[in-house]
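J.: Produce the complete structure using the sequences and hints provided.
Count the sequence shown with the numbering used here and you get residues 1218 to 1373, in order.
Derived from the structure by calculation, the hints contain no laboratory data. Glycine is no exception: its CB is placed at the ideal position from the N, C-alpha and C atoms. You may find that some hints are simply not true.
Between beta-carbon pairs, the in silico distance windows are [as the list claims (entries may be wrong)]: (1) Q1306 x D1370: 44 to 50 Å; (2) Y1226 x L1267: 16 to 22 Å; (3) L1350 x R1312: 33 to 39 Å; (4) T1334 x K1285: 27 to 33 Å; (5) L1232 x R1312: 19 to 25 Å; (6) I1362 x G1264: 27 to 33 Å; (7) E1245 x D1370: 22 to 28 Å; (8) I1335 x I1362: 30 to 36 Å.
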Amino acid sequence: MNLFVRLFYVLITTLFRPRLPVGPATSELALMTMPNDLDLNLHVNNGRYLTLCDLNRVDLFIRSGLAKLMLKHGWMPVITEHTMNYRKQLGLFRRFKASLELTHWDERHFFMTHRFTIGDKLIAEGTSKGLLLGKQGVVAPEVVIAALQARRDGHA
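T.: What follows is the structure, encoded as C-alpha cells:
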C-alpha cells in the first residue's frame, strides 16, 4: 500500500515541478522510510532501494515528456542491469533524498546513477542500465531523444 501512496505522491507532485531537459537530467525526490520498507534488521531492505529507484524513473519519464511518448508509441521501459552499494543503514521514519541522474546512452541503453542521501551523507549509490522496447524491438536512444526534442519543438 505504501508504494501506491508514494506513486500517487510522485504523480501529483510532477504536475507542480519544472520540466526536465531533453538528454542528461536529474530527478530528486524527498521521501521518508516507512515500516513496510524495513527488513528484520530494522533497516531498509535492499530490494526496496531498487523499488524506490522506480519512483525516480516515473518522475523522470513524466517531467521529461517521455511518458507521453511511451504511451503514444507503446514503448515499455526495461531495466537490464542494476547494481547498488550500501554504505549506511536507513532506519524507520528517516527523511532522505532519492536521486536519479540520467548520465548518457549508447546505441541501445540509457545509463543512470542512483543516490540515496541524508543531508550530504551518502547512504547508498548505484547504477542502472535500461532500454525501451517497442513493437519492433529495442528503440534506439537517439530515436527517443529526437522524438522528445521534436515534441518540445512542437513538431510531434
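J.: At the C-beta level, are E1245 and D1370 separated by a distance inside 22 to 28 Å?
T.: 26 Å, holds
J.: So the hint says 44 to 50 Å: do the beta-carbon atoms of Q1306 and D1370 match that?
T.: 46 Å, holds
J.: A range of 19 to 25 Å was offered for this pair. Does it hold for the Cβ distance of L1232 and R1312?
T.: 22 Å, holds
J.: Holds or violated: the 16 to 22 Å window for the beta-carbon distance between Y1226 and L1267?
T.: Holds: the Cβ-Cβ distance is about 18 Å, inside 16 to 22 Å.
J.: Given a hint of 33 to 39 Å, does the C-beta separation of L1350 and R1312 actually sit inside it?
T.: For L1350 and R1312 the Cβ distance comes to about 36 Å; the hint holds.
J.: Evaluate the given range 27 to 33 Å for the C-beta pair formed by T1334 and K1285.
T.: Holds - the Cβ-Cβ distance for T1334 and K1285, about 30 Å, lies within 27 to 33 Å.
J.: Taking 30 to 36 Å as the hint, is the beta-carbon distance of I1335 and I1362 inside that range?
T.: 33 Å, holds
J.: Given a hinted range of 27 to 33 Å, is it respected by the beta-carbon distance of I1362 and G1264?
T.: Between I1362 and G1264, where Cβ atoms are some 31 Å apart, the hint holds.
Going down the numbered hints, you'll see the structure goes against none, and every one checks out.
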